[in-house]
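Chemist: Use these hints to put chain B onto chain A, whose structure you have.
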Amino acid sequence: MTGITNPMSGRDQSGEPLITPRLWLQMLAHRERNRLVGAAACGVLAGVQTVVLVVGLAWLIDQLVIHGRSPAQLLPLFGGLALTVGLRSLFQWGQEVLSAEASLRIRQFARAELLAKIAKLGPVWLTQRQSGALATQAVEHIDALDGYFARFYPQLRIVVALPLLIACVVGWLDYLVAIFLLLSAPLIPLFMALVGMGAERLNRDQFAAVSRLSAHFIDRVRGMTTLQLFGHTRSAQQEVWYATDEYRRLSMRTLRLAFLSSAVLEFFASVAIAVVAMYVGFGLLGYIDYGPSPSLTLFTGLAVLLLAPEFFQPLRTLSQHYHDRAAALGAAESIATIFNEPALVPHHIASPQTPGAECELANISVGYIGRKPALQAVSMTVFVGDVVAITGESGSGKSSLLAVLAGFMAPLSGEYRRRSSKVAWLDQSPCLIQGTMADNLRLANPEANEAAMTDALRRAGLGALLEALPAGLESVVGERGVGLSGGQAQRLALARVYLSTAPLVVLDEPTASLDASAEQAVIQALLEWAKEGRTLVIATHHPAIVHVATRHFVCEAGKLNEVIV
Amino acid sequence: MRRVYREFKPWLALLLRRRQRFLVGAFLVWVTVLAGLSLLGLSGWFIAACALAGIALAAGLPSSLDIYVPGGGIRFFALLRTVARYVERLYNHNTVLTLLADLRFRVFGYLTRLDDASLRRRRASDWLSRLTADIDTLDNFYLRLLIPPFVALLCLLVASAFIAIWLPGVALMVAVSLGLLWLVITLGYAWLGFANSHQQATDQRELRHLVLDQVQASAELMSYGTSAWHQRKISSHEMHAAVNQRRLTLKAALGNALVSIVTGMLVLAVLWLAGIALGEGRVNGPIMVMAVLIILGINEAFNLLPSAFIKLGASYAAVQRLNILSVNAVSSASVVLPPESQTYSLRLNNVSFCYPNMFEPALSNVSFVLPAAKRAVITGVSGAGKSTLAQLLMGRASPSSGDVSVAGFAPLKLTEDSRAAHFAMLTQQVDLFDGSLAENLRIAKPSASNKELWRALDQVALSDWAQQQPYKLDTPVGEKGQQLSGGQARRVALARLFLRSPNVVLLDEPFAGVDAQTAQHIAFALDDWLQDKTVIYFVHQVDDANLLPGVEHYWRLAEGQLIADTGIDS
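Line by line, the protein sequences are chains A and B. In case it helps, our numbering puts the first sequence at residues 596 to 1160. In case it helps, our numbering puts the second sequence at residues 9 to 578.
Chain B with its partners taken away, still in its complex shape:
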């Protein structure tokens, strides 16, 4: 129980940080419910009073019943109910959307501090859509699990306090029985459904994995004739999950039936006790009717609680997943590179790197020195360790053993800003954002003028293409840069680098997906821009040495080991 609370705590604090908005929102819901109760109660009182007055009048007795004040009250509550409901929904949805912004801000903050290995593991699009779903779950928490129980409690207190004016005994019974009901359908139900709904979240994740397997391994499943076997695996998992789901539904349905039976019986009990009080003259008819009708209407405040609280386990699963992100976030480093007059040499001393859970090291005992302002090429097949080496040099991963140093500092110790200022890297997988060409370029340099952007595009031979586009620099690149071809996307990513002036540059396959003529153009522009910078090219193999001018060091990575190449093996 305490563990559950601990996991929820930071998020609850975030949701309740805007305390005033929470109180106002709850107040509005409460007013809506109370307006409904008052409308029903007052109408009942009015009818009963009129009936008694009518009988008195018919019998010729004097009767003074003010029909205008209650009549006005009824109209007022009818209107208040409508208006309060409308305002409440608008106000609370506004709050929920504000909280969504807060939640995303926080989760994004966690993600910005993740290291490369954790990010790479989370690249898959299904992880990302689950992330947004988890945030939405927490967002729903506010409207489903925070406001309603609070309002229900307030309503039960006010209703019983009101009845206590005339019938304290009845009021006590109402308060106790509804209080117990409240406990059962909130805390009790959270406990009762916790394991099931947590299991449901786990089952769903498992199902997702099985479906992903079926899709990704479809070639193997179809050719080996094992599709039916795998589908049986899925359906047996579903059967198993259905048992749990049925249990959950059954419990939720029982909770709703419980609310219905308790409030229904309570109405009868109130009528019984109030009827006795009426017989004894402790209360008059209209008041008794009012009390009964208020209790009749109060189930509105309790109705949705069981089905909301029974799913607490699912929210817990979401919170657990989000909390893992905050645990994985690395603490940010603090060293800032001195701005100028540095010689940015790269040095690796006996560096090994092993990914968690991997048996074979990605790099083993790699050592080299690249003096400042020199250029090197490292070749190797994919999986040979090139990307890992680049991540180590960029300070985005820490070596399992050995030392990495850039200009005499361990890159991991540098602050993100300092690293960004001095290092630049063209990654193997380029990230373009859904926005215009200019927006994507300005990520590298927010203050860049249009002229600078055109110059950068010219350097990667994209300016002619961009000129032909109807929107020029405002051409949308699409989600993941899908409006561009793979080669164009890489060139845009390269153009971003041209907007900066780093000291150390790592280029992973800079000429992939580019035809020979364009490659030559880019190589020429690169040569110019790379003057006085320390550079490593990472390529599959050297196809054309002309593309890599000024390179003095040729190294090859194979199975995690660095081998010095004497020449070009093309």
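Only chain A is shown next, with the shape it has when bound in the complex:
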């Protein structure tokens, strides 16, 4: 990795410069500089072939029409031009393939980087986020960068080189036309800037309007149950139509201006053809007798006529891809905010200093940055084999304390030390991932074999379910497969703990929202783990679990106190 990417990886210390959307796009482009430059070069070379082709065509026509030669006499040139056509296609193909490959690699890299960052932010940060929105950022927003790297970025380089090259060729043929083109050239960016400034703002307004409208639609769909309950669906459906149509009416007003920028370019290209045609025609008739006009021939005349629109073509292509840039910037903006979040997960967890300790908290305070710490000056040593219950009102900081113990969050101050790198985690809403029963178990231990998995499921009380499942461990569970009830899901989470070799098990309210039999299964499991010699830390307010514990702590008024019985 080059020095430029450093701000991305080393952003945990505060005081690092924040990453801006533009800077991020630049850094990404830098990674695939060679391919992108290659694509631009191919684009310029394809443009050169076009120049050769139209100049050659003009010369052929001149030979056929004025000099009366037959096509057969000109066969070598025909052959040469056929080669040019082939080369042009080849370079166009090269441009497309190179830039697409660059874009693909950039997107893969950016996605991996984003996912790594999300992992570093950790579960505590994620609970405050909508997972759907994050998935959109990692999938759709990253893909929105495609147009920018595959089309806009190389085209921006082509625009600098190709028109100048064409102007040189035109200048060699007829300098008056070249002067005309060059004079109109600065006008284009000027006009484009004028229209573009308006259009960019309009574009942004448009984006806002589109997302507002989508939000309106989504809002109504989300509330469909309520609409149905109140018998309000028909009028809501009408409303959806009217809202979209109202948006159409409004946006047409803005589009009238936005489309001016493409009209300006179209106008210049068309007028250039018209002006050049008139100039060349009159020159050929001998009506103009200054400058290079008297020496005009059908060859030079046709060549400059055909080169005039080519002069504007790169710019027109660029303006077609302008919305790619807007889309990429919008996406980069939403992603850069994630990169700018400070990481919550600790870098490294040291080993405990007390002999026989599973983990220890040395004078730590826990809570969220920018808020008053939920717990302060907490020191606690958990020894191997301890069963620790932590109780306290909701909001007393016990969930934050557990997050520190599990390594999801670094303490605000003080030090947390732990013996093992792995922890088994269980909370009140276990997560089922998309996939099979086995995939869900592998989450705890990717190397586990079938026998171990079956055994773990049995011990968690899912033996009967496993036998009932048609494909056993390979049955798909969750949204797209067999649905599990809340109790079954919690038992699956228990099976994960059985499967894991982690010596420390951290449990956050494991029995909340469970029915009596599932609750009993959890308590049974706790006893078994304790017997196996695992260390347990449980946040709970369930008296039966507190009873099982060998040590009991209470979170109260920002302090953690041990209850000595």
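Do not rely on the hints blindly, as some may be mistaken.
[As the list claims (entries may be wrong)] Quick partial rundown of chain B residues pointing at chain A, CB under 10 angstroms, derived from the structure:
hint, residue
1, F54
2, M273
3, A370
Source of the hints: derived by calculation from the structure; they are not laboratory data. These numbers were taken from a predicted model, which means no experiment stands behind them. For glycine and all other residues, C-beta sits at the position ideal for the given N, C-alpha and C.
Modeler: Below, chain B without anything else, positioned relative to chain A:
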């Protein structure tokens, strides 16, 4: 192939329903392209004619060339091209936005007919954003896949017909070769890229699921130290998807190169043949130049076709997803409850309910009778089957076995209007819409006066709060009611019920997120409003019996079974 067409058909019909707009839009695009071709062709003709006339003049020969008509023509086409492009873009975008309204209207219509289980499965916000993306895909269909091939075909016909005036043989060659090119880059490319682009849509969905897994299971992944394992899973999926994407890009790039090489070679071939015709005196110089330049410009009409058609598979995936909605939509029922003089008793007879794909039934053999105008409480932990029971009573789901009847009718058979008129339910998850407080309340009763709204707010102890807001009844509640606290949102939802006068009322956790004093106020207002109504309260547990006045039946749901509670277990 026929299956693909069948899936697309209803949407194509919708997109082409405004036939006149389609024809005018295509006409405008066609005029734009033709104006460009005419501008180039006429300019070439003019220059060649001038060159020949200039030579004649220099040689002292008489030459009569009208320079004003072609000159005027050139200026006209230059202007027409600009204006036509501008008008075309405005007109077609107007059409596309109108179609967007039509598409959303139709999809929304499908959704209004979905039953509760299907809706619940689709609650996730990522499903909703995908839904809008699918509609947008179809909307793009119009500008990318319907108008351009039509215009390209028209252009090739007109251009070859025009050339045929002087060079019929050349025209035939142009028509045949461009016709073949058209077939290859539209139908051929649709076929060639279909599997790849469909696969791409599938890959993207899979990637989304994997990312969602990483986010949702982050606690498990981090604690068990398996984050790296899961990220490897994602990157191996991406590698796999990249192979497919590369194939797609390669094919699209080949298509564009094909257009470029075919049109380029065609220009040379036309020049060759026209050059021979010129030598034989069958055509004059300026006409030959014109023909060559028209063919030189015609690639504009073909350029965008390969990359549009190669993605047909992705549009197909979108259409498939939307069509599933129309399949899932339940047929609406037809029974209307007689308006008055009914005794609205609730009766469940041996009712079981099992969600699709679930092994354990959500409800098993539940039976009870609640006489009209009586009140019951059903307690149970979440997942015990309370919501399912409520959905069955409201006719929003049909029991797997057993009978549900309300006032002697199966609620599922009632029309939506009739159900809405007689039943009311406070759902566990309240839906507030992005709008003002008044708008949200008027969903229950569009004709309600401000006074009625204030009274309803008073009943849920929100009127003081609303009075303090700068916009009073026009206070925005925000998307999903986010401007309000959870408890306030529930109270607004409850206030909506107070605006109606149903006969059967189901209340799911009416006092959740409300402090004791407010709860007492609401309970008092509820007691008054619930007179003569048949009522079931669904609560986690009964904390305070004072909040549930007049309740005669206490039932408890546990693991799908209904147990009669003799007393209050608080």
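Chemist: The structure should be examined with respect to each hint, and the outcome stated for every one.
Modeler: Each hint, compared with the structure:
1. The closest approach between the C-beta of B:F54 and any C-beta of chain A is roughly 5 angstroms, which is under the 10 angstroms cut-off, so the hint is satisfied.
2. Proximity of B:M273 to chain A holds as hinted, the smallest CB-CB distance being about 6 angstroms (cut-off 10 angstroms).
3. Interface hint status for B:A370: upheld, as the beta-carbon distance to the closest one in chain A is roughly 8 angstroms, under 10 angstroms.
In this structure, every one of the numbered hints holds.
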